[in-house]
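> Construct all of the structure, not just a fragment, from the sequences and the given hints.
If you read the sequences in order, they're chains S and A.
Counted from 1, the first sequence has number 163 at position 164 by numbering that gives the first Met the number 0; the numbering is strictly sequential.
Counted from 1, the second sequence has number 184 at position 185 by numbering that gives the first Met the number 0; the numbering is strictly sequential.
Don't take every hint at face value.
[Claimed, not checked] Listed below are the simulated BS3-like cross-link pairs for lysine-lysine, each with C-alpha atoms no more than 30 angstroms apart in a straight line:
1. A/K2 with A/K237
2. A/K2 with A/K12
3. S/K142 with A/K10
4. A/K2 with S/K142
5. A/K38 with S/K142
6. S/K142 with A/K332
7. A/K2 with S/K178
8. A/K170 with S/K142
9. S/K50 with A/K10
Just so you know, the hints here were simulated from the structure itself, not pulled from any lab data.
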Amino acid sequence: MTERTLEFDRVRFLYDNGSPFELSGLTLFFRPGEITALLGPNGSGKTTLMKLANRRLIPESGQIRYGGRPFTELSRRAISRAIGFVPQSEGIAFDYSVLDYVLMGRAPWLSPLAAPGAEDAAIAAAAIAEVGLSAMSRRSVRKLSGGQVQLVLLARVLVQSTQVLLLDEASSALDLANKRLFLEIIRSLAARGKTIILSTHEPAVAEAVADQIVLMKNGTVQAAGPSAAVFTEANLSAVYDTPIRIFPIEGRQVVLWT
Amino acid sequence: MIKNEYQIQVKKKRRRLSLFFLGLIALAAVAFWTGRYPKLGWTRLADLRADPIAANLFWRLRIPRVATALMSGAMLGAGGFVSQNIFRNPLASPDFLGVSQGAAVGAAIAIVFFSNSAPLRQLTAFCGGSCGLLLSLAIARRIRFGGWVMRLLLSGATVSAFFSGLLTVLKIVADGNNELHAIEFWIMGGYNYVTLNGFAPVVGIAVVSLTMIGLFRWRTNLFSLPEESALSLGASLKGERTLLLWFSVLGISAITSISGVVGWVGLLIPHLARIAFGTDSRFGLSGSMILGALITLGSDTAIRLLSPREIPIGIVTAFFSVIALAVLISSGKVRF
Chain S
0 MTERTLEFDR VRFLYDNGSP FELSGLTLFF RPGEITALLG PNGSGKTTLM
50 KLANRRLIPE SGQIRYGGRP FTELSRRAIS RAIGFVPQSE GIAFDYSVLD
100 YVLMGRAPWL SPLAAPGAED AAIAAAAIAE VGLSAMSRRS VRKLSGGQVQ
150 LVLLARVLVQ STQVLLLDEA SSALDLANKR LFLEIIRSLA ARGKTIILST
200 HEPAVAEAVA DQIVLMKNGT VQAAGPSAAV FTEANLSAVY DTPIRIFPIE
250 GRQVVLWT
Chain A
0 MIKNEYQIQV KKKRRRLSLF FLGLIALAAV AFWTGRYPKL GWTRLADLRA
50 DPIAANLFWR LRIPRVATAL MSGAMLGAGG FVSQNIFRNP LASPDFLGVS
100 QGAAVGAAIA IVFFSNSAPL RQLTAFCGGS CGLLLSLAIA RRIRFGGWVM
150 RLLLSGATVS AFFSGLLTVL KIVADGNNEL HAIEFWIMGG YNYVTLNGFA
200 PVVGIAVVSL TMIGLFRWRT NLFSLPEESA LSLGASLKGE RTLLLWFSVL
250 GISAITSISG VVGWVGLLIP HLARIAFGTD SRFGLSGSMI LGALITLGSD
300 TAIRLLSPRE IPIGIVTAFF SVIALAVLIS SGKVRF
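Written as structure tokens, this is what we have:
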């Protein structure tokens, strides 16, 4: 069981603001080297699941474990070294340079009173190069496009060098070429043994990259398993409440909806 | 190579910080050794030895005043930078949390009801400032919508409005000859009431606050991120963020309790520091302390030397800051 990096064990969660939304009976595990895609309509619980996995939210009942140890036993610092999170977008209040912004990803590895040094700068520079933004490393993040900001956020989680990466619709604003770059980076991370969990509204993206697909609806898991088994017209139509057709073209799955 | 470039940038910023720091030391030296007695200009050692009044002025008035002006600017700069980052709002300053207004009410109470006794005024101003913060926090906790930042800004505005109302009541109650004047002067801010009495603990608190904030100068960056991202990078919102905020408020209320409200410095200086030293709080925050001290000490020294009568420094800093802010906003150097 040691190979299960992140586990959800009968997790139940309710928001305390009176919202009727409930996440229940969540039992999932995420292995090293495996890419898991979360699919489901708006409000199905994908983001809530991400927040639970990031310990932003605490389950009502059930347990979330990392490396066999319950979240409650791990310090915030230990979790920040193990689990990285990329939001869909981020409100940026000040004119940070791309490099300074990415360097913040080194925080879990620096002592509380330290600042990043030459080694950290080298790590950040490599990550910025990996997402193709080297030419912009001194540009203000507030002057970048939505897609470029998503690449900066990806670079930041790369320098955080965590075992688990949570990507919450992190490729939604990317153009076609950058989406391909994004998927290549994800694949190479998985090939290096990282655990990837991504949520997306694009079934084609999920199908193209994921080993495991989790279909969610109304806070429960409708289907979970290897992509090929879960990614069916019947499953998707049921989850999205809309007729969906899948056409295999040149080895890829094209999803059409009416 | 980005890596080398980064090292060069770091060196450049360090050099610039050192340069400004040297400038501050030079200014402080000038401030200590110039005055209007026995005659306008440099104070000579011979004067201090020969003239007991000159010596008294130097030790009992000028040294406390210069030290307070210096710490006041540094503290306002640091507090402003920290609160802008924590509230992720370029317009935030401790004034937004009801601290300044609370302190003003506290001071006015001492002025009206306790015959303006200096140590008591400091105590009540400090209590008033803390009350403002505690009240803002308490109300923010009860608001059930919005993020923490918006809740705190909302409750801060409410508390400030409440204290402004109280202050108006106190001004009506105040005796029109002396008390009203004292309240007005305190609201406009100035270092001319600072004397050897009670100045040491205030400067001590400011030094401790600045040191604590300075230690976390790089991690202050993390709090400018949305909470979720800050948390996932291991920043402790309950621990570190609260600590930074409390030391900002503590230092600023301590200083405000003897100087009155020196407005606008806490808002403007962090923006100037970001332009001069970069947004990275490791340099921006240190720069904000140095620039703040340069502005307040520079203004106060100019007032001392150029004007035979006291001009409240709050007016000078407000004029300077508002004009500078207008220029920076219209030229696009500061964006909200």
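> Between S/K50 and A/K10, is the straight-line Cα distance small enough, at 30 angstroms or below?
Violated, at about 39 angstroms.
> Taken at face value, is the distance from the CA of S/K142 to the CA of A/K38 at most 30 angstroms?
55 angstroms, violated
> Taken at face value, is the distance from the CA of S/K142 to the CA of A/K170 at most 30 angstroms?
48 angstroms, violated
> Regarding the pair A/K2 and S/K142, is the alpha-carbon distance no greater than 30 angstroms?
Within the cut-off at roughly 22 angstroms; holds.
> Starting from S/K142, check that the Cα of A/K332 is at most 30 angstroms away, please.
13 angstroms, holds
> When you check the alpha-carbon spacing of S/K142 and A/K10, does it fall within 30 angstroms?
25 angstroms, holds
> Given the hinted pair A/K2 and S/K178, is their Cα-Cα distance within 30 angstroms?
27 angstroms, holds
> Verify the proposed pairing of A/K2 with A/K237, using a straight-line Cα cut of 30 angstroms.
The hint is violated at about 34 angstroms.
> Just to be careful, I want the Cα atoms of A/K2 and A/K12 compared with a cutoff of 30 angstroms; is the pair within it?
At roughly 15 angstroms apart (the allowed maximum being 30 angstroms), A/K12 and A/K2 satisfy the hint.
The structure fails to meet hints 1, 5, 8 and 9 from the earlier list, while all remaining hints are met.
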